[in-house]
Each structure stands twice: as structure tokens, then as C-alpha cells.
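Enquirer: Please work from the sequences and hints to get the whole structure.
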Amino acid sequence: MTRQARAGLGFVLPVMIGTVLVLVIPTIGAALLSVTDFDIYALADIANLRFVGAGNYAELLRMPLFWRSVANTALFTAIGVPAAIATSLGVALLISSATVRWKPVWRVLLFAPYVTTLVATAVVWRYMFDRHNGLLNYALSLISIAPVDWLGDPRTSIPATLIFIVWKAFGYNMLVFIAALSTVPQELAEAARLDGAGAWARFRHVTLPAIGPALLLAAVLSVANFIQIFTEPYVMTHGGPAQSTVTVLYFMFDQGFTWWNLGMASAVAMIVFVVILLVTAVQARLGKRNEWW
Amino acid sequence: MVVSAGSLLRTALVALFALIAVLPLLWMVNVSLMAPGTAATFPPPFWPAHPTLANYRELLLPHPGGLTSYHILPALGNSAVLASLTTVLSLLLCVPAGYAFAKLRFWGRARMLQALLALAVVPAQVAMLPLFLMLKSVGLVNTYAGVLAPWLAGVYGVLFIRQATLAVPDEMLDAARIDGASEARIFLSVVLPLLRPVVVTLALFAFLASWSDFLWPLIAITDQQHYTLPVALAAISREHGGDTELMMSGAVVTTLPVLLLFLALQRYYFTGILGGSIKG
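Line by line, the protein sequences give chains P and V. Mapping of the first sequence onto full-length UniProt numbering: residues 1 to 293, in sequence order. Mapping of the second sequence onto full-length UniProt numbering: residues 1 to 280, in sequence order.
Simulated from the structure, these hints should not be mistaken for laboratory data. Heads up, none of these hints are tricks.
Residues from chain V shown here face chain P by an in silico Cβ test under 10 Å; the list is partial:
id, residue
1, ALA15
2, LYS136
3, LEU259
Computed from the model, here is a short list of chain P residues facing chain V with C-beta under 7 Å:
id, residue
4, ALA5
5, PRO26
6, ALA30
7, TRP106
8, VAL123
9, LEU135
10, ALA179
11, VAL235
Pair ranges (Cβ atoms, derived):
id, chain 1, residue 1, chain 2, residue 2, range
12, V, THR222, P, ASP45, 15 to 23 Å
13, P, ALA219, V, GLU239, 35 to 43 Å
14, V, VAL138, P, ALA219, 35 to 43 Å
15, V, LEU73, P, THR2, 49 to 57 Å
16, P, ALA201, V, SER7, 16 to 24 Å
17, P, LEU194, V, LEU274, 28 to 36 Å
18, P, VAL282, V, PRO193, 39 to 47 Å
19, V, ARG238, P, ALA47, 34 to 42 Å
20, V, VAL88, P, THR2, 24 to 32 Å
21, P, ASP195, V, SER7, 17 to 25 Å
These figures come from a predicted structure and were not determined experimentally. We put the beta carbon where it would ideally sit given N, CA and C, even for glycine.
Expert: Laid out in C-alpha cells, this is it:
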């Protein structure tokens with residue numbers, strides 16, 4: 001073995017061993033665990049462990065709360081992804097126009113929510129959403145809208161949580177879009193303007209094709225992130241009211257660490273895993289078809 | 001220079017969005033400085049009438065003989081130690097490996113790199129339940145080592161460093177080899193100085209991610225003395241949710257350190273998100 005080969009292996013082995021230990025083995029473990037009835041009795045004595053095949057999966061499909069969590073997560077994703085992408089893109093377009101001044105200042109301020117600690121700002125927004133003394137209802141009262149029980153009403157709990165999530169997360173994709181927008185050919189936009197193309201036509205035919213790949217990638221990654229919502233309902237609503245914010249991962253955590261049904265929780269984890277894989281596959285397919293990356 | 005109306009309007013609109021973005025953070029700081037019980041009135045006050053540090057004292061100072069203890073000070077210590085250890089661990093594991101994958105020839109390089117790329121799609125939550133059981137069986141639940149364990153996997157860190165290292169010219173490494181430098185010497189004296197900006201970026205990302213991490217510490221720590229700040233804050237919020245001013249001071253203590261760190265190192269942060277080049 002050459003010196004270079006020895007050094008190379010020495011440099012990568014620690015992280016490869018670590019990755020196998022804390023990622024590969026546990027992921028295989030999750031698949032195995034999901035076909036057992038691992039629960040608090042097995043936790044006490046492993047002799048109580050039984051193989052149940054697809055039993056956990058079959059039972060999940062019969063549990064109303066599991067379906068509720070799937071529906072809630074789907075709703076979070078279906079409203080949240082377009083809302084988040086539109087906010088990021090809107091602000092990016094605005095800040096990218098050549099005539100806006102003091103851009104670095106705005107960029108830092110707009111990005112600040114993204115770097116804050118999720119639990120801390122979730123606590124802050126719980127009070128922003130307060131029915132009696134929250135800033136949001138105060139702002140609404142200024143335009144004569146009756147107070148809304150944002151986090152206490154099952155009809156508004158998901159939209160309210162989404163307002164917080166979009167506020168927290170839009171900065172990341174905003175940065176990505178600002179970078180993508182800087183690649184839009186200015187001569188082309190100028191030529192279109194001289195040809196009499198309106199703002200929308202220029203956006204549709206000049207800007208959009210240039211940022212299309214970034215937009216699609218951001219959308220797919222957002223879907224994956226929204227499927228994994230956990231902390232927001234845990235801190236802001238505890239899954240309520242009336243289980244309206246129980247997400248799939250919240251359900252998994254509850255099964256696993258409140259009820260110690262680790263077999264059942266692992267089955268949920270595997271389902272999430274497969275869905276994320278499918279989303280990633282769609283992304284790869286779309287990218288290949290359009291020869292973007 | 002003539003300022004057009006359109007320019008002014010757009011700037012004002014961007015400023016409005018920026019205001020909406022920072023308003024909750026400003027409000028958090030303001031309320032944390034209000035006297036206990038004064039925030040919960042209508043209309044909600046935005047600025048503290050009589051700024052006070054009472055909430056911070058209540059939260060951070062020990063209460064001799066008192067019943068309530070929020071464990072925020074130990075949590076602050078735990079978070080600081082864990083985030084620092086995570087940063088060191090990530091750098092030690094990922095920087096040499098990222099460099100090796102970019103520049104060194106060795107057996108199995110392509111296959112190992114492919115494996116890492118494939119692992120990037122595994123959601124961290126999938127591994128958490130079995131990892132908890134593994135740590136429990138070796139007695140590492142409720143220890144720093146247990147909280148650090150997931151960071152032994154360095155998928156993103158390695159790929160990030162590798163991408164940045166590809167830009168290092170091979171001629172520099174070959175020249176050092178001809179001069180008789182050992183591979184370790186080349187890495188330490190030739191490559192590391194060039195990689196300094198991306199190493200800072202990775203360190204920053206690791207520190208922030210560890211500091212703000214929630215689900216794993218929530219699982220791996222079950223005893224109050226070992227809580228990290230986000231876990232402690234979530235627990236206090238479940239018990240003392242009514243004390244708005246106190247909760248806001250807890251939120252400030254939890255998030256201000258990372259916010260300041262970001263402001264100080266924002267250049268590294270932004271280049272990191274945008275793909276990480278090794279331009280200084």
C-alpha cells in the first residue's frame with residue numbers, strides 16, 4: 001500500500017466507522033424493530049420480545065390517531081410548502097431588484113429568524129398567538145377583526161403553526177433564490193422589456209426558466225422537511241387542540257417514548273423513511289428529465 | 001444621485017418585511033425586561049415601562065430555600081459544553097475525511113463516497129429509536145457521550161468539505177510530496193490553511209445545529225440535571241406557561257448566543273449555504 005493510500009484510509013476510517021455505528025446499524029435496527037412487539041416489557045426483559053411480522057403495520061392502519069396524524073401532516077405539507085416557497089421567492093424577488101438600497105442589512109435581518117433556536121421562538125410565538133394579550137390579535141383589533149383563538153381552535157391551529165414555520169424558515173430558501181436570481185441574464189430581461197413584455201411576461205419567460213431548477217429543488221426539500229415536523233406542535237400545542245396538530249413524527253415520539261411501544265414507533269419511522277425516499281426519487285426523476293443536474 | 005420613487009417604494013417594502021421578521025425577536029427581548037405580570041394586559045405593551053432584570057434573576061440565580069428551580073444555569077452549561085464538543089468532534093471527523101475523498105487515492109474510495117451520498121437521504125429520526133436502545137444497553141443514556149453519539153456520523157460535513165477541497169490545485173500537493181513532506185504534514189501545513197474559511201463554516205454549522213437540536217436530546221436525556229437549553233425551556237414552558245415575562249427571558253437566554261454568533265460570523269454562514277467556495 002502506498003503512503004497516500006494508507007493516509008487516505010486513515011483519514012476516512014474514523015468517520016466511516018462512526019457512520020456505520022450510529023446511522024447504518026440503527027437504521028437496519030429500525031427495520032428489524034418494526035416487525036417485533038418491542039414494548040415496555042421487552043425493555044425490562046428482552047425475553048418478552050416476539051416477532052410479529054407485519055402486525056405493527058396492520059395495527060397502525062387500524063389506528064384512527066395514526067390516520068389523523070397522516071392527514072394533519074399532509075395538510076401541513078400541502079399548505080405549508082406553497083406558502084413557504086411563495087414567501088421566500090416573493091421576498092427574494094423584491095430584494096433582488098436593482099434599485100433596492102442597503103441590501104446586506106435587509107438580508108441579515110430577514111435571515112435572523114432562521115438561525116434562532118426553534119424551541120425558543122416557538123415559545124415566543126405561543127405568546128404572539130395568545131387569544132387575549134397576543135400581538136397578533138392586537139394587530140387584528142386595529143382593523144376591527146374579532147380576536148382569534150389561534151392555537152386553541154382546531155380550525156386555526158394548523159394555519160397558526162404554519163405562520164410560525166414560514167416566519168422561521170423562509171430565510172433559507174430566500175438566500176438560495178437570491179443566488180439563483182443573480183444568474184438571470186440581465187440583457188435578456190432588458191431586451192424583453194424593450195420588446196414591450198410586461199412584468200409578468202418577463203417573470204414567466206425570462207426569470208422563471210433561469211431559477212426553475214433552484215425552485216424545484218427547494219420545493220422537494222421543503223416537502224421532506226414538512227413531513228418531519230415535530231418540535232413546533234410539541235412546544236406550541238402539545239398536538240392539540242383535539243389532536244389537530246398531531247403530526248406523524250409527534251405520533252411516533254408519543255408511541256415510542258410516552259408509551260414505550262418501540263416496535264410500533266419503528267414501524268412509523270420506516271413509513272416516514274419510505275415516503276422521504278419516494279420524494280427524493282421524484283426529485284431525481286424530475287431533475288433527470290429536465291437535464292438540470 | 002436621484003432616488004426614484006420606485007426605488008424608495010421597493011426599499012420601504014423590503015424594510016417592512018425585515019421589520020416583520022425581527023419584530024417577534026424584539027418583542028421577546030422587550031417582554032423579558034418587563035416586570036412580572038405586566039405583559040399580560042390589553043393592549044399588549046411593546047416596550048417595557050420600567051425595564052428590570054428581575055426575570056433573569058428569577059431564572060438564573062439559585063433560590064435558597066425556595067421550591068422552584070428552573071435548572072437553566074446547568075442547562076446553559078450543558079448546552080455550551082455539548083455544542084463545543086460537537087464542533088470539535090465534527091471537525092476532527094469530517095475535515096480529514098472530506099480532504100481524503102477529494103484528493104487522495106486509496107482502496108474503496110469511490111464505493112465509500114457513494115455510500116455516504118446514499119446515506120444522505122436517511123432521515124435522522126429513523127435511527128433514533130434503535131440508537132436509544134443501543135445507548136441504553138451500554139449505559140450511555142443521560143450522558144454527554146449519549147447526546148454526542150449521532151454526531152459520529154458525518155455525512156453532510158464530509159460531503160461539504162470534499163466539495164470545497166476539490167478546488168485545491170493538485171500541483172500544490174504534488175510539489176509538497178516531491179519536497180518529501182509526509183501526507184500528515186501536507187494535510188496540516190498545505191491543505192488546512194487553504195481550507196480555513198470552510199472549516200470555520202463547518203464549525204459554525206455544527207455548533208448552531210447542536211445548540212438548537214431538540215428531538216435527540218429530548219430522547220437521550222431523561223434527568224433534569226443533564227437537560228440542554230431547548231429541552232429545559234420546553235419543560236419549563238409546559239409547567240410555567242403562564243409566566244410570559246419569565247418565559248421570554250428563558251427564550252432570550254436560549255437563542256441569543258446563537259443569534260450573536262451568527263451576526264459575528266455571517267460571512268461564513270452565507271458562503272456555507274451557497275455551496276461553500278474557498279475564496280477568503
